[in-house]
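Participant: If you want the building blocks of each chain, they are given just below.
Number of protein chains: 2
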Amino acid sequence: MNNDSNGAVRIALDAMGGDHAPKIVVNGAAIAQIRYPACQFTFYGDEAQITPLLAKHKDLAARSSIVHTSERVLADDKVAHALRNGRNSSMRLAINSVHEGKAEAVVSAGNTGALMAMAKFVLKTMPGIDRPAICAFFPTLKGETVMLDLGANVECTPENLVDFAVMGAIFANTVLGVHQPRIGLLNVGSEEIKGRDDVRVAAQELRALELPGEFIGYVEGDDITKGLVDVVVTDGFTGNVALKTAEGTAKMYSSFLKSTFKSSWLARIGYLFAQAAFKKLRKRTDPRTYNGALFVGLKGVCVKSHGGADEIGFANAIGVAYDLVKYKFNDQISARVQLIHEKVLALPAEVKVPAPEPIAAA
Amino acid sequence: MNNDSNGAVRIALDAMGGDHAPKIVVNGAAIAQIRYPACQFTFYGDEAQITPLLAKHKDLAARSSIVHTSERVLADDKVAHALRNGRNSSMRLAINSVHEGKAEAVVSAGNTGALMAMAKFVLKTMPGIDRPAICAFFPTLKGETVMLDLGANVECTPENLVDFAVMGAIFANTVLGVHQPRIGLLNVGSEEIKGRDDVRVAAQELRALELPGEFIGYVEGDDITKGLVDVVVTDGFTGNVALKTAEGTAKMYSSFLKSTFKSSWLARIGYLFAQAAFKKLRKRTDPRTYNGALFVGLKGVCVKSHGGADEIGFANAIGVAYDLVKYKFNDQISARVQLIHEKVLALPAEVKVPAPEPIAAA
Numbered sequence: 003m004n005n006d007s008n009g010a011v012r013i014a015l016d017a018m019g020g021d022h023a024p025k026i027v028v029n030g031a032a033i034a035q036i037r038y039p040a041c042q043f044t045f046y047g048d049e050a051q052i053t054p055l056l057a058k059h060k061d062l063a064a065r066s067s068i069v070h071t072s073e074r075v076l077a078d079d080k081v082a083h084a085l086r087n088g089r090n091s092s093m094r095l096a097i098n099s100v101h102e103g104k105a106e107a108v109v110s111a112g113n114t115g116a117l118m119a120m121a122k123f124v125l126k127t128m129p130g131i132d133r134p135a136i137c138a139f140f141p142t143l144k145g146e147t148v149m150l151d152l153g154a155n156v157e158c159t160p161e162n163l164v165d166f167a168v169m170g171a172i173f174a175n176t177v178l179g180v181h182q183p184r185i186g187l188l189n190v191g192s193e194e195i196k197g198r199d200d201v202r203v204a205a206q207e208l209r210a211l212e213l214p215g216e217f218i219g220y221v222e223g224d225d226i227t228k229g230l231v232d233v234v235v236t237d238g239f240t241g242n243v244a245l246k247t248a249e250g251t252a253k254m255y256s257s258f259l260k261s262t263f264k265s266s267w268l269a270r271i272g273y274l275f276a277q278a279a280f281k282k283l284r285k286r287t288d289p290r291t292y293n294g295a296l297f298v299g300l301k302g303v304c305v306k307s308h309g310g311a312d313e314i315g316f317a318n319a320i321g322v323a324y325d326l327v328k329y330k331f332n333d334q335i336s337a338r339v340q341l342i343h344e345k346v347l348a349l350p351a352e353v354k355v356p357a358p359e360p361i362a363a364a
Numbered sequence: 003m004n005n006d007s008n009g010a011v012r013i014a015l016d017a018m019g020g021d022h023a024p025k026i027v028v029n030g031a032a033i034a035q036i037r038y039p040a041c042q043f044t045f046y047g048d049e050a051q052i053t054p055l056l057a058k059h060k061d062l063a064a065r066s067s068i069v070h071t072s073e074r075v076l077a078d079d080k081v082a083h084a085l086r087n088g089r090n091s092s093m094r095l096a097i098n099s100v101h102e103g104k105a106e107a108v109v110s111a112g113n114t115g116a117l118m119a120m121a122k123f124v125l126k127t128m129p130g131i132d133r134p135a136i137c138a139f140f141p142t143l144k145g146e147t148v149m150l151d152l153g154a155n156v157e158c159t160p161e162n163l164v165d166f167a168v169m170g171a172i173f174a175n176t177v178l179g180v181h182q183p184r185i186g187l188l189n190v191g192s193e194e195i196k197g198r199d200d201v202r203v204a205a206q207e208l209r210a211l212e213l214p215g216e217f218i219g220y221v222e223g224d225d226i227t228k229g230l231v232d233v234v235v236t237d238g239f240t241g242n243v244a245l246k247t248a249e250g251t252a253k254m255y256s257s258f259l260k261s262t263f264k265s266s267w268l269a270r271i272g273y274l275f276a277q278a279a280f281k282k283l284r285k286r287t288d289p290r291t292y293n294g295a296l297f298v299g300l301k302g303v304c305v306k307s308h309g310g311a312d313e314i315g316f317a318n319a320i321g322v323a324y325d326l327v328k329y330k331f332n333d334q335i336s337a338r339v340q341l342i343h344e345k346v347l348a349l350p351a352e353v354k355v356p357a358p359e360p361i362a363a364a
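Each protein sequence line maps, in turn, to chains P and U. Mind the numbering: the first sequence is residues 3 to 364 in my numbering, read in order. Mind the numbering: the second sequence is residues 3 to 364 in my numbering, read in order.
Hints should not be assumed to be uniformly reliable.
Where chains are identical, the list cannot tell them apart; a pair therefore holds if satisfied intra-copy or between any two copies.
Stated by the list, open to error - Capping the alpha-carbon separation at 30 Å, the derived lysine-lysine pairs in DSS-like fashion look like this:
(1) K80 x K228
(2) K281 x K328
(3) K330 x K301
(4) K260 x K60
(5) K144 x K60
Hint data in this document are derived by calculation from the structure and do not stem from the laboratory. Here the structure is a predicted model, which is why all the values come from computation and not from measurement.
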């Protein structure tokens with residue numbers, strides 16, 4: 003989980019995962035090599051394809067190695083199929099190398115479900131963590147927010163949500179450098195519904211615990227982009243829907259914007275004047291900036307890049323893995339989770355289930 | 003549920019609900035009166051405030067009446083408090099008038115939770131419907147999509163979801179004029195998680211039923227704004243989070259856009275050229291267009307306007323109520339739900355619980 007004695011951070015790359023593999027994997031690693039000179043990469047995949055790509059980046063080639071395999075997990079492979087038949091795939095071998103201590107982290111742009119299942123099977127969950135979660139960034143008006151779970155668990159217990167809050171806060175601290183992250187629990191705010199039982203119980207527990215951050219209570223969907231909190235905690239069903247709904251809405255606005263600038267000659271001229279400013283806006287809302295989701299809660303750092311990422315996006319995903327190793331993310335979680343679990347078990351029983359507001363009589 | 007013998011559609015208005023009541027309620031009714039001359043309005047609220055506002059709209063005044071009450075439900079009243087103490091409130095009296103057959107529909111911009119609870123208590127749910135749902139529009143790349151439940155029920159059974167699909171399809175048909183609405187069930191699409199049991203069972207049932215539309219299967223969060231379907235069905239927790247996340251994302255982009263046009267003199271000049279085009283864009287994404295959420299599944303038409311709506315938005319909410327009455331929305335639902343329930347009960351047991359994909363061995 004730590005960098006090796008020479009200060010090198012060894013990262014295993016699934017060279018065959020993603021829509022544009024292995025090209026963007028090698029080129030992304032070349033960018034990351036410049037940004038993080040301490041990185042040492044091992045490419046898992048088809049040597050015949052990787053070697054010529056690597057030849058174009060001498061510095062990278064000098065510090066990298068290739069482990070050849072002709073097998074790969076396809077984007078549309080079923081999880082069970084990938085687990086059964088993918089034992090010699092580039093994805094699986096890259097994950098194995100973390101388990102075997104040959105690398106500190108693995109990065110893949112491949113099939114999310116297969117990566118999650120393989121990582122969970124090979125690396126196992128950390129002591130004290132019941133379920134791993136998918137954790138990533140969400141752009142906000144103020145910067146970035148960490149959100150989890152984004153799809154690993156469709157249903158969660160209050161204890162899962164508490165674990166997610168702890169891991170999310172340490173993630174925000176490690177990767178975003180937020181000193182005392184503010185943590186919010188995603189809920190519905192309308193008066194008629196006070197939220198599901200699991201969410202309410204989790205809130206009670208979070209209020210009673212000493213967290214690596216400040217629990218500020220419930221947040222609603224529209225609070226996420228306001229940047230009210232640094233960490234948004236929710237179950238994987240809600241988190242996945244919220245993330246994808248936001249992505250869809252952003253794409254819709256981007257499409258509206260394009261067609262607006264093309265809708266008349268005056269608008270086209272307007273764009274010529276404003277294009278420098280819009281270039282900055284595109285940079286600010288660039289999904290590549292937010293690339294790199296972590297499977298938190300596993301005994302090993304496993305980062306998922308978006309399947310459609312380009313080399314810039316893939317380099318950012320490597321950057322996330324690098325930060326997590328460098329700042330000993332998993333060690334921090336282990337220590338904290340142990341403390342939390344002791345305290346949750348020590349809570350008096352009556353704290354655990356708050357009574358719902360009565361809604362019957364009129 | 004029907005318009006009266008003279009063809010008039012009588013609509014009860016909670017004149018005191020919303021941030022800008024009673025002004026926008028009266029002015030919104032004046033706009034609606036021109037659009038829908040068959041409407042007859044009764045304003046429930048403070049006569050001393052309503053009379054001078056109404057005096058400015060002679061045609062409206064001639065066809066409207068006022069029922070005075072000095073009481074009102076406040077925006078931050080707790081649901082239980084409003085139910086207990088709001089029996090003479092403008093909201094409650096307006097709802098009562100629908101129950102008593104004095105009006106065909108009620109429209110309020112007041113406290114959502116109180117309105118839902120009061121409407122449910124006074125009007126009751128329709129035979130065959132277990133739970134009412136909040137149903138509204140979502141803007142998409144292709145136009146508008148109907149989505150429900152947006153917050154009435156934090157947890158739903160598969161049967162609730164089936165009812166929502168039926169009611170949503172009839173809503174899309176009635177209000178949007180879609181002949182054979184395409185219905186999608188909101189789910190998470192990643193391979194590792196096939197969705198929650200309730201969603202999977204609902205999908206099986208929907209496939210087996212003869213619906214007032216076409217069930218196309220699962221949709222993900224980013225499919226909503228693509229306009230892949232006319233009706234998106236989900237539980238109230240997920241629906242509320244998705245709607246608010248989309249609202250938050252839209253506001254963030256709108257804020258980014260404003261600051262981009264203000265970020266340099268060139269950009270400001272660009273805006274001058276493009277402003278006519280952007281005026282059209284604002285109109286297309288105007289939330290007022292999508293104002294008017296219906297509490298579907300109640301014995302009576304109860305439409306909720308956004309609390310911050312202006313007169314245009316409120317007139318649109320009245321328009322939704324008018325369409326629902328005119329096209330006998332509730333009668334259509336009654337007939338269809340009866341059929342559906344008979345068929346669901348007749349389904350063979352083995353259809354009901356599909357086995358999840360195994361994910362254990364590797």
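Participant: Look at each hint and say if it fits the structure.
Facilitator: For each hint, the structure was consulted:
1. Proximity of K80 and K228 under a CA criterion of 30 Å is satisfied inter-copy only: 26 Å between copies versus 37 Å inside one chain copy.
2. Proximity of K281 to K328 under the C-alpha cut-off of 30 Å is found in neither arrangement, the shortest distances being 33 Å within a copy and 50 Å between copies.
3. In this assembly of identical chains, the alpha carbons of K330 and K301 lie at most 30 Å apart only when taken from the same copy (12 Å versus 60 Å across copies).
4. Taking the closest pair of Cα atoms, K260 and K60 never come within 30 Å of each other, the shortest separation being 40 Å inside a single copy and 45 Å across copies.
5. Within a single copy, K144 and K60 get their C-alpha atoms no closer than 39 Å, and across copies no closer than 49 Å, so neither meets the 30 Å cut-off.
In summary, the structure is inconsistent with hints 2, 4, 5 from the numbered list given earlier, while agreeing with the others.
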